[in-house]
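So the sequence lines, in the order shown, correspond to chains Y and E.
According to my numbering, the first sequence holds residues 1 to 264 in order.
According to my numbering, the second sequence holds residues 1001 to 1252 in order.
Hints are computed from structural coordinates only; laboratory data are not their basis.
Errors might be hidden in some of the hints.
As the list claims (entries may be wrong) - Short derived list, chain E residues pointing at chain Y, Cβ under 8 Å: (1) ALA1094; (2) ALA1105; (3) ILE1106; (4) PRO1210; (5) GLY1244.
Glycine is no exception: its CB is placed at the ideal position from the N, C-alpha and C atoms.
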Amino acid sequence: MNRWPLLLVPSALLWLAGVLAPLGFVLRLSLSSSGNRAGEGRYDTLFYEPGTWSFASFVEIFTNPYYRGLFAFTAALAGVVTVLTLIFGYVLAYAIYRAPMPRKIVLILLIALPKFTNILVFVFGVKMIFGASGPGPVIAGEVLMLVPYAALTIAAALEAVPYPLIEAARGLGASAAMAFWRVTLPLSLPGVLAAAILTLLWSASAFLGPYLLGEPAQYTVAVEVDRQVHQDLDWALAAALNVVLLGVLSVAAYGLSVWRRRLA
Amino acid sequence: MIRVAYILLAVLLSPLVVTIAVSFTPSAFLEIPKNGVTLGWYREFFANPIWVRALVNSLGVAVLTAAISVAVAMATAVAMTRHRFRGQDAWEAALLLPLVLPAIAIAVGMLAIVRLTPLWGHPLSLALAHSVAAVPVAYLVLRATLSRLDPNLEAAARGLGAGPWQAFGLITLPLAMPAVFAAALFTLAISLNEITLTLFLATRDIETLPRVIWPNLRFALTPLVASASVILLILTLPALAAAGWWLGPRRR
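Isolated chain E, as found in the complex (with noise of 0.2 Å):
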């Protein structure tokens, strides 16, 4: 059994290896490099306006969403580890269930609602629906850090004559640092590989990567494709490297 494990874990990385090898082809065509490789794909995607500015638009929504789903989720975090309140339960369960919603559901309604207002072709509507996905990820992993400080050490503060605030920030926040920087890498990659939400609410105004992506996915493939989805990957890399220490060190 165990030996089909490793069988079936080679079979899940293939596409990815397969894109990074094809990335850096001589060739024209789809192809694993036969006789030495080149990085002209990727010199043609930086010298091409479109794919750069998508891929700075990409950057900018996913920083801005990991800023507003960070803030918020540590504030629920906080309220959620520190309080006990009726109704508790079915309010967090509340907040994951865009953890398990179709996202095609929430795009339709999102869509109707948005072209509505005037947030309508503006990054921060982008943002805002990506955080919407991000919110229960960057909760989970900042509720698992709070939940295991030690109150006291709050309640010290307080004791001393610190604020609310100030017991916040001079002793909560250092102390979930680490968590804080986990949660946002995880949904600066949420926010880079989402989708579905973005292909409803993305105008000619905000292309982002994925966006630009995939008209090419479906009708021309070239490996300049491939070298455009290896730079998405390489942007990513640091939110692994977030869950590697995640499950590292203190968790057992």
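Just chain Y, with the same shape it has in the complex (with noise of 0.2 Å):
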């Protein structure tokens, strides 16, 4: 009678197949040696060598100034980037919190807006707005692409703040800005780091902003990933890249819930 936990089998097998197996193709995929790369332009043939182990691929990353470079770039881009976002997050998300009724959902539903188009629209505009390619439009589409997230996510924490507490801390004399900087800011700060962390993931990890907005001295990591993949086809050197940026990631993300979990 008890086959309730059948439900739970089709979604078991989705991540499975989509999530554990890529990840671990991914893994073991780094450790192999770098296929025939003669067969370019060929889609039958495989850009490693099945069944070899390797560390060649690591050692050329942690070795080549070139890689380091562009992780070091990488993090700088993805420090600025999510900086910009979480400040213009918050301007967004306190103008949710203090906007009445009808109004708020309106504000969420066009601070959402450009999450439901897609990326190219939003791609082809920033071009045109902010010109075809460079650090600018790159720093601008980036922060563009994740402020909606990061609005709505500090916006969901600030509505947990009562304001009758910001109106208590004005009424016993605090300025306006001594309110926000004692009261308002801390009690959100929950939100921002969670805000913090999904930013920092998705700007670290951002592809589509810098290759189609950048030069090649914006490109990131995952840029030199999908390089890897379709032009220098050196997959293992791709699946390395991959595991060297989920490792950095975690860590900077485990820190950072560390953190939030302390302030909750």
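Two chains, two frames, some hints: make the complex.
Structural data, given as structure tokens:
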């Protein structure tokens, strides 16, 4: 009679095939030898040596200054984008928080609108406004792509802050800035950190923005992965880049989430 | 601060506004229309078999994705809201993992695996890959609604002799129908807008709209790309309406 666990089977299968297997395969691939890359443009060859074990890709990543520079640039870009996104996201979230009811929903929908449109529509518009390519368009594009998530995450945390608390601080003589600094901001900090984790993860693995809006100098680790898969045809190296990226991101996300839990 | 927020909102929406404006330009270049508007670029879109086929492929994959991910998410949400079991929180966290995982990492793994299977070059591979990304969202929507439904209604149906399927079909599903509808529209939008997995898995036989826009965006920007982008935008608008409904009447 107890057959309800069967309900979990479809999602478990999809998860095993669509999350665990690809990640496992990437890990295994990163420890393979690079295959015969002579078959460029052909789609019936494998671009790695199945069954081999090799650390060559990791050695390449950790010794070649090109890859060190690539990771440093990706981290710097993610840092700048995350800080800007959190500031702008907070301002928008505060507007949602203070808006009366019908306007609140309109505001949320307008902020979410870009996320319901194709990223390519968005990139097209960013090119028109901020310039075809270069560091400016890359940062603008990344920030605008991530601001809706940050704004809505922070707004959810702000909604839990009772407004009378802020009024009380004002009534006790705090200036508006003081009340914000001492009451509103600390109470919404867990939301800000949640948004920081998401923004950092997404901006550090950014692929489309830097690729479509950047010049080669603005390419990130993820762009290099795509280049290795589709042009240089070194899948072992592409997988190793992914493994290093995932490792760094997991540590960063874990650190931030520990900090967040300590606040809550 | 509020005034700054409205300026930011305007900046946030400006790329969309510009794209829509450019798609109506009578000029052959990327310009905001100055003297009058034209539907010429849309006519060109629908006259070109490459674009039309890509549109049809995109819609097909999106419908398949919505069907798969809503069904899978519904089964999971029913199990998660009606039963408690050990490790449930960890299970749920794992289920939601694709929301934060870098798409590029999944994409490389999927490409390497799918190329070894007969799914390579089949639209189903795209739909399944999109479902991996869409199931967590559909699950969150369905779980929120199912956990608010009164479990006594289903229990009463069972007490009156309905089997588990009958109780689900006659009681739970009709009550959760709006959420099913919203989840379907969200997953349609996710599929239509997904790029990274699509770029890695789609072959020449399954060109979808984002994949045809992609090279144009890098090398040959014309107003046709703007109109193609607007067509994608129109296709995902119902999902936005669903989001409005979702935030609207019931939730306070």
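### Task
Sort out which numbered hints this structure fails and list those numbers smallest first.
none
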